[in-house]
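Number of protein chains: 6
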Amino acid sequence: MIYLNELRIGENIRQTVYLCKTKQQLVSKQGKSYYSLLLQDKTGTADGKIWDITQGIEHFEAMDYIKIDAMVTEFQGEPQLKITRLQKCSEGEYDPADYIPVSKRNIEEMYGELKGQIASVKNKYLNELLTNCFINDKDFAKKFKEHSAAKNVHHGFMGGLLEHTTSVTRNCSYFAENYPMLNRDLLVTAAMLHDVGKIWELENFPQNDYSDEGQLLGHIYIGANYISGLIDNIQGFPQKLKNELIHCILAHHGELEYGSPKKPALAEALALSMADNLDAKMETMLELFESTDDNGWLGFQRLLDTNIRKTSK
Amino acid sequence: MIYLNELRIGENIRQTVYLCKTKQQLVSKQGKSYYSLLLQDKTGTADGKIWDITQGIEHFEAMDYIKIDAMVTEFQGEPQLKITRLQKCSEGEYDPADYIPVSKRNIEEMYGELKGQIASVKNKYLNELLTNCFINDKDFAKKFKEHSAAKNVHHGFMGGLLEHTTSVTRNCSYFAENYPMLNRDLLVTAAMLHDVGKIWELENFPQNDYSDEGQLLGHIYIGANYISGLIDNIQGFPQKLKNELIHCILAHHGELEYGSPKKPALAEALALSMADNLDAKMETMLELFESTDDNGWLGFQRLLDTNIRKTSK
Amino acid sequence: MIYLNELRIGENIRQTVYLCKTKQQLVSKQGKSYYSLLLQDKTGTADGKIWDITQGIEHFEAMDYIKIDAMVTEFQGEPQLKITRLQKCSEGEYDPADYIPVSKRNIEEMYGELKGQIASVKNKYLNELLTNCFINDKDFAKKFKEHSAAKNVHHGFMGGLLEHTTSVTRNCSYFAENYPMLNRDLLVTAAMLHDVGKIWELENFPQNDYSDEGQLLGHIYIGANYISGLIDNIQGFPQKLKNELIHCILAHHGELEYGSPKKPALAEALALSMADNLDAKMETMLELFESTDDNGWLGFQRLLDTNIRKTSK
Amino acid sequence: MIYLNELRIGENIRQTVYLCKTKQQLVSKQGKSYYSLLLQDKTGTADGKIWDITQGIEHFEAMDYIKIDAMVTEFQGEPQLKITRLQKCSEGEYDPADYIPVSKRNIEEMYGELKGQIASVKNKYLNELLTNCFINDKDFAKKFKEHSAAKNVHHGFMGGLLEHTTSVTRNCSYFAENYPMLNRDLLVTAAMLHDVGKIWELENFPQNDYSDEGQLLGHIYIGANYISGLIDNIQGFPQKLKNELIHCILAHHGELEYGSPKKPALAEALALSMADNLDAKMETMLELFESTDDNGWLGFQRLLDTNIRKTSK
Amino acid sequence: MIYLNELRIGENIRQTVYLCKTKQQLVSKQGKSYYSLLLQDKTGTADGKIWDITQGIEHFEAMDYIKIDAMVTEFQGEPQLKITRLQKCSEGEYDPADYIPVSKRNIEEMYGELKGQIASVKNKYLNELLTNCFINDKDFAKKFKEHSAAKNVHHGFMGGLLEHTTSVTRNCSYFAENYPMLNRDLLVTAAMLHDVGKIWELENFPQNDYSDEGQLLGHIYIGANYISGLIDNIQGFPQKLKNELIHCILAHHGELEYGSPKKPALAEALALSMADNLDAKMETMLELFESTDDNGWLGFQRLLDTNIRKTSK
Amino acid sequence: MIYLNELRIGENIRQTVYLCKTKQQLVSKQGKSYYSLLLQDKTGTADGKIWDITQGIEHFEAMDYIKIDAMVTEFQGEPQLKITRLQKCSEGEYDPADYIPVSKRNIEEMYGELKGQIASVKNKYLNELLTNCFINDKDFAKKFKEHSAAKNVHHGFMGGLLEHTTSVTRNCSYFAENYPMLNRDLLVTAAMLHDVGKIWELENFPQNDYSDEGQLLGHIYIGANYISGLIDNIQGFPQKLKNELIHCILAHHGELEYGSPKKPALAEALALSMADNLDAKMETMLELFESTDDNGWLGFQRLLDTNIRKTSK
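Protein chains in written order, with the working numbering: chain W, 2 to 314; chain V, 2 to 314; chain A, 2 to 314; chain B, 2 to 314; chain E, 2 to 314; chain D, 2 to 314.
Hints in this document: simulated from the structure, not taken from any laboratory.
Hints may contain errors.
Intra- or inter-copy, both count: the list cannot distinguish identical chains.
As the list claims (entries may be wrong) - Calculated pairs, EDC-like style, for lysine to aspartate or glutamate (alpha carbon to alpha carbon, straight line, at most 16 Å):
1. Lys282 with Glu94
2. Lys264 with Asp306
3. Lys116 with Asp138
4. Lys282 with Glu92
5. Lys89 with Glu62
6. Lys125 with Glu291
7. Lys105 with Glu214
8. Lys105 with Glu204
9. Lys123 with Glu291
10. Lys243 with Asp186
11. Lys314 with Glu59
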């Protein structure tokens, strides 16, 4: 396949598959209907135009994978694909990993780590909760493994939610070691569950965009509400422990202005919010550094609210 | 009965009932155990001391109603009750309304108004939800009618939650009239439900203090979670409508820094937050004005972040 | 007439009238003088160019109505009018309502409502003030009826000031009903007068832009100063009432950082600021929803500081 | 006279005059009426009690000067005057300068400086405005010379408004020299007029407290409104100059959150706000240093938002 | 010895040693000189008075250890020592650990850990810097081991600076493991050095109060300046590495408003600021929990900006 | 020479020298290497392209002065230089003043003023410090005279640091006169030294961009550290005076959020921060006014956080 960042003006491509991220039907100034598409693969995006929608164009929708013939033209300095033939693909005709960003780490390996983290939780109610959530519910586990942790930054790729979750859990496990005041079981459980609401806040790939439910309710509420339901199915789960765990979920953004309806009031809630923030900041910096070959100052970064550069070797 | 704001230094009181708000067992500098109490009736509070706990003092706990004999002494310019005899009261020996603040409005009358507001909701799912919540669940209805809307300000009295709820609902009903863009049924339903979480956030009277669950989770999450459960028991309730209603509950404080995990994203959510804020501010001012005979400037008011005075006639 | 949003590339228009919003005389890179215009009608704006200013072009200025012959060409994807003939129009040759945004509501009907609101004010001094201002001063009344309430959002159209004023007054009238503590006459009077300073802060249509005085002084000071002058012509107007009314005007933005030199210190001032804010927010949302056919999420809205969407039916 | 900071426990004072700052009629715990007074002279304040109000006590009000016989007792470590005889004084029986804080500088000398500053203004309209305001209006001039610039800090003493005004004008005069871009006449005029509203915002001495008008309207609006009226009586005063001058008055607090309804938009307005702030900060520090003999760290100072100390010699 | 929290009203103490934290010479209302002292041991503080300073009272100063005879009286509910005899102690007559708060951990053990952390730094310049600072400079090492990390919270006890430093270094060591992007040597070195400026910002025990230099310059500047000097004595230390290390010191408070003159711009600076914040927050919570036997809600905590409670077991 | 703001589309320029501010080697869509340059002279900047890098193009780097032949073409409405011949210039072939912004004031004249200001400092230690810094160290003096005070605004031109420094010192000198509390020697010394760190924070012209050291450490720390070193070479310089002077440097931005690690705690530190702020604001306004011929409102200015206009004459 020819990746979108390799297109050369003037060449023709044939039978090549891209993901159609968006599709708009427009009317030209001359009064004729045409399609304007946004094509995507894992290297980026490109505009596509279908000026004649009556010939050789199968029916398709946004988010379909499409196989096209096209000429590479130039518009405002960027390549634009003038599509002359289009077929909708079936699963199996393409490898999704070519079209959406994926974690560099092996997903099953990370899932194995998560299972080990679950095994380390000794409190029987918390252990049962985690087992029910991440292991017994195969459907949930599949979604959790494939989900991203964000639309863009940070961990905005397939497996990103799992990668972020295991890393935050590792942080919390270390924190419990250095600060014996912390209740390890509560903290580590909250770490594993803190972002499960993102499964519903963000649509599955290839969309990976905010769902309507996500926009309205947010992953903090969605996750807390989901965990609350799981707990209600566990006989004898102590009410106080439930409230403490849900508190950790609600407070994990650390401050009201970051969307937590409660500030951390327990040591574990405070520790979780710091473990989460640490992982978010480190990954954000890493992604910024990896997005460029520049070793100098990268300019003001809105996400970190400052100018940054890589440290010298 | 002799109200606490009528005590005169030097007099003796006999067989008088007060609510024992707090009870501490302390040791005097001379090494002797004694009790320090905070007594309450609807006119205010007073300190009580039991220097000899071995004679004539029945067993009692904080939040019990107690019948006492005492001498009114003075400590640092305030009356202090030196208690010599104490019996614990049973229900029926006192009228709770003498000991805790109550709404000036008739509770059943307000409940009648609420039922009228429910009847005005035409959407069958929303109507069923409200009916199940406020009318069919007698236990809930009883609690809702007797609850306050706050520990102190505003509406921090028995019936306060009901008074605040009907007033906010009235505001929303008017808003829907003046702004036809608003979906009246959604807005009015959200108004009636917006603070139901306070039933669990604040303990019942006479405590009326934050519960452990309330401190950890807050009435916004508790309420949204409760309503979500009620909706799940209504067959065919549209998912989108559920999300919109829960959004209104989550967003009703208007800003993240006021504890809403989401800012209002729907016109109804925005309208509800303003209707709630209006009622809170008006009642806060009213309570401040009613707490004094002063017609001049009352000094800086933390709750309104400014100095205020009553308007001249 | 052909509205600017109906222009088709390639067609010629003849003897069509537009408002010339701005006019610049420029020199081309080849050293030749030409005019660059911004044309406007109620459907929007378009660029116009007069490459040859020596032939068939009458003298005109910005804000003149002009009758033109032109060819519709394309520049950077937008239609551009290449003007070959231009005459300046006299009043009567066009209907202003075709060229500037106007309220959807009937202006005289709204003015009738305002007169009714005035009639409801029982305090004789306040009633006289309102009558002098809005009814007896014909010149003022004319300007008030035709003015907008903003350069852009919200109510940035002819009649917008009147529409906003009557709506805020309606809100205040309702508030006085639900909150008997409020002095209805003072509140409703302040509501009608709160934005009169906008008559001088914004220039008349078709400009509707900030005046020099408006930029320097702002409508809050201008309005308070104007009302103060009107009051001084009313014999016996109580000084305290004057101060309270002026306070309501000064404080109607609610917070110092929104340009009020005083925070609301009277219940009526607080209520007015909330009535004004409510109307502003509701109209802003309405205008945003009406500006698009999209029923989904509209993206981050700076004016509301959040992402929004229309509520589902 | 015996100053209040020289009272010794146990001594008796006779026929000594103090200012009675406040007077409350209270009822003792034993049911008897008594007066509680706050006495003031320029060295500070002391409590006074009149336990028997029926014998030897003439009728008097708060803010009267009173001549008393009293015994100096001790209450909570502070001297308290037990008053047994009280006569109300007439003007002439006391020197106000003994009872209220006064500027260390000579008032007429400062007024002379102000007249010199007026004479330096060459623009005839501005010069006429200043002359009308500060020189021709004898009544205004008298009040201006005796007024303070604040209730407490800074310049909260008789002559303080004049002292502050001449100092800010001196600053502005220097600024105009170092920054030739500045319009000296406009700047210096605005400096002299910037705080005239304080004459009505604060009551005259001995009260020197916020007036009702001051609380409701503030000195910024009051002053701008007053100057606007003066200008309207000057034939031919240019409208643009008027707006620019009023803008300087409105913007002189520099930021909306400090009560200016407009931020400085002209160089002179910006310069004035900085000249005013400089004088306020320097005087605040000076007053803090003069209030103590301590040469070390004075602790956190709310007015300067930091801990401060005098510089070593 | 009798600890201050064990004093009983009415008893006499003899030949007991306390630290005299402050000493004031005052004049009684009756005109007689006396001393007012603040006495301290590790259990708290108590007031002391020497009414007769002429008999049996040796010369002493604040911060001396004094051996006293006294009677325990009561003042405003607290014990007060009426001192009748006083001798100044020499070193050896008391154990400082009885008078000032000390770390619960063994200081030499922590210092051993620090040496191990230094040994783990492979970069020869950084290793030399750390060795010169913490090991070769015996005088510095002694001060570093005995210093606190704060006047009050957190780690406001002898050995607190060392305890905080080793814990933050442990955090950073873990961070470098979980986030391979981090330059371990730079990060761990910065961790050990980040608070060395506190040695001069806070006076040695028993004072442990801000020094004049500390108030004026702060530990961030003092530390950076000190490290800069040390580096200049190391031949060949790379300039870029020096700048990066100093940057980490300057930025370790994370935000300008917390006193860092630069925001973290390197990954290691960001990581250090989070490791420091984590340790500060955890220790603050621990100290709050240890200061009370209460297992319930502790009320609003200014240092954490929220109400907190211990987690249930 | 032909200045960049005088280029006309279509003409050819020959043997003209510009400063090459930036140079990028790019690859065209057709796969061919070319250079994209940013050319600069004192009138502004222009794009340059070298499509054929193999013919007539000498080796050069960014920040070289280059002599070119080129054709003036148009790209997106702006002139673009199509370069066909390029030679690198040696010093002497051009006058730097044609290529970089320079102060309008004479540098030696300003330096003379600075020497006069030094002479006015009577304290012998401070005088010696200033003499060592600005007069005896010729190398430093040369750099100080040629440096700017900013990358862009304000005083972002050659000599700008000197111009700003003398003006701030003049302000401080005046302040010391109007506020006798101020220690003139300390204040005026701090004024002269306050921005010396900028010599290392910004690279020399023609770059005038932030250095790596500047980004990491900032001119406040760099300057304080430098002055500290100078003082350590002066025998007998009092430690307290050193701390006070360094404090003034550290605190001269006035607020933590503006990058000062300490708030002004001495009167001189506060005065310096205000003198600096005044000069910055006045120069910013002046530069904005001088950058346009427009006498009307200039629109929102981010640097002043408001819309501004020139005052009418």
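Status of the hints after comparison with the structure:
no. : hint               : result
1   : Lys282 with Glu94  : neither (38 Å within a copy, 50 Å between copies)
2   : Lys264 with Asp306 : between (23 Å within a copy, 9 Å between copies)
3   : Lys116 with Asp138 : within (13 Å within a copy, 43 Å between copies)
4   : Lys282 with Glu92  : neither (36 Å within a copy, 47 Å between copies)
5   : Lys89 with Glu62   : within (9 Å within a copy, 51 Å between copies)
6   : Lys125 with Glu291 : neither (42 Å within a copy, 29 Å between copies)
7   : Lys105 with Glu214 : neither (29 Å within a copy, 35 Å between copies)
8   : Lys105 with Glu204 : neither (21 Å within a copy, 40 Å between copies)
9   : Lys123 with Glu291 : neither (39 Å within a copy, 26 Å between copies)
10  : Lys243 with Asp186 : within (13 Å within a copy, 34 Å between copies)
11  : Lys314 with Glu59  : neither (54 Å within a copy, 34 Å between copies)
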